[in-house]
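Protein chains: 2
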Amino acid sequence: MTFEQWTRAVLARVETALEHYLPTAETAPATLHEAMRYAVLGGGKRVRPLLCHAAGELTGASAESLDAAAAALEMIHVYSLVHDDMPCMDDDALRRGKPTVHVKYDEPTALLVGDALQSQAFVALTSDVLAPAQQAALVRELALASGSIGMAGGQAIDLASVGLKLTREQLETMHRLKTGALLRAAVRMGALAGAGSNDAPDANAMRSLDAYAAAVGLAFQVVDDILDVTTDSATLGKTAGKDAKDGKPTYVSIIGLDASRALAAQLRSDAHAALAPFGDRAQRLAELADLVVNRVS
Amino acid sequence: MTFEQWTRAVLARVETALEHYLPTAETAPATLHEAMRYAVLGGGKRVRPLLCHAAGELTGASAESLDAAAAALEMIHVYSLVHDDMPCMDDDALRRGKPTVHVKYDEPTALLVGDALQSQAFVALTSDVLAPAQQAALVRELALASGSIGMAGGQAIDLASVGLKLTREQLETMHRLKTGALLRAAVRMGALAGAGSNDAPDANAMRSLDAYAAAVGLAFQVVDDILDVTTDSATLGKTAGKDAKDGKPTYVSIIGLDASRALAAQLRSDAHAALAPFGDRAQRLAELADLVVNRVS
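Chains A and B, in that order, give the protein sequences. Okay, so the first sequence: first residue is 1167 according to this note's numbering, each after it adds one. Okay, so the second sequence: first residue is 1167 according to this note's numbering, each after it adds one.
Since the hints were made in silico from the structure, they are not lab data. Please note that a few of the clues may not be correct.
Intra- or inter-copy, both count: the list cannot distinguish identical chains.
[Stated by the list, open to error] DSS-like, lysine-lysine: derived pairs with alpha carbons at most 30 Å apart:
#1 1331 to 1404
#2 1331 to 1264
#3 1270 to 1331
#4 1404 to 1211
#5 1211 to 1411
#6 1411 to 1331
#7 1264 to 1411
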């Protein structure tokens, strides 16, 4: 199977899983459920679900358990986008090529969509396709990665650093929390879903996967910063040039465009190197590192 | 031990547990953690933690497991208050006798405090004072009770009903989700924390506890509506008379003050009746039903 075929197959699974783990649009309260589905379905690159499935295939996890984990990861990611786009945060009108939730619906609905998607992620993770001990382990990974010492904490640092001149180290710390924590959780949750299988990861394997995830997570953000200044809004599906306009520190603003490109290439090499112990079995993860760095939107 | 002594002892435990399960104010990002602690610590009636401990004592749960469950419940409750108080929702400046989080800090901080408290609740529930299978069961209870078919869904119905004339049945449906779901989860989670003990609840016991929780949950809201028109802001610790001003349907506006008082008394009787199978062992739950109905703030 080529990488394109694999990606297409996983994305189809993920869409089906998200359909399954979200309440239907007819379930009361219908407007809230319709808005949750509007925010989640039919859009996005699904990078976290892809990483989760690739890591899980490496460790012998069942496809059904990875569907639940991938759906939970994407729900957390989308809730963060919905809240980040609100007027009191980034005040953005375009996301995944569509009007943002507070524009399409209203602010209170956007707030509740984000809140309810976070809850729904933990509902998905406690479905019985995962053994109870795995459910508990995955919930803990996701909750820590989402919260105040993970994604929400990175968001707080991001807000506090508007208009400030961060050092490269401070910028990296912010992104390690804001984007890196959930990308790392995607890899770790995929791997932990394989607990009990013949290919279940040992402590060394988890360390290698952590190193891979750290490199890919940072590369993702460096490339985001590059695309923000080199690509138009139509291609991105969100407002381009927004970080510069908002006075947000980025890799491009701190180390320049050429050095940012060189850094992205280096991080891709680092990601590949971290996968060496797995040999060919980590092919999909290696290809995903390439995808993250080579993407054009 | 008198009820007052029991309550005082549990409240002290709960405060210690919340201190323990929240990151310290020195943990980076410090402002976010300081604001989370401001929102959660040193205030509130802690009704959900009290219900959780009382149900757990009935079913042989360890005090440590109840601390984790109680902390998680209170974090979810406080996150909902912080988000509800935001300008795009109820726009309230006073909560638990203090300025609300968006007034004391700012709107983005309030949004992130709520988001991060929800994550932190699931971190608390997956601590190892609970067995993994219990962690998973309690996470599922709490996630379902918090999300779009629970608390957040009730909030959505509440927002959609401003200025409308609801029937008593529609009002009850809204409150069963908005307030009732989490109060019911408090009772159920306490009981489920006793899984494996000699007093672990069977299906019949869970049904009795559900009936108790349904009555107490509705009574809580009826009394809230009564207090909103009969008590001043200083006593309530939140803005009095706000529902009427905002055009929100309440029990008082739909059935009147006297019928609301009679309903609260009836629901207290229903709660007591539901506890009959447990005899004296359910004394604390019975006393809590009295507390909910007799409270003056």
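Violating hint indices (sorted, rising): Hint check: 2 fails alone, others pass.
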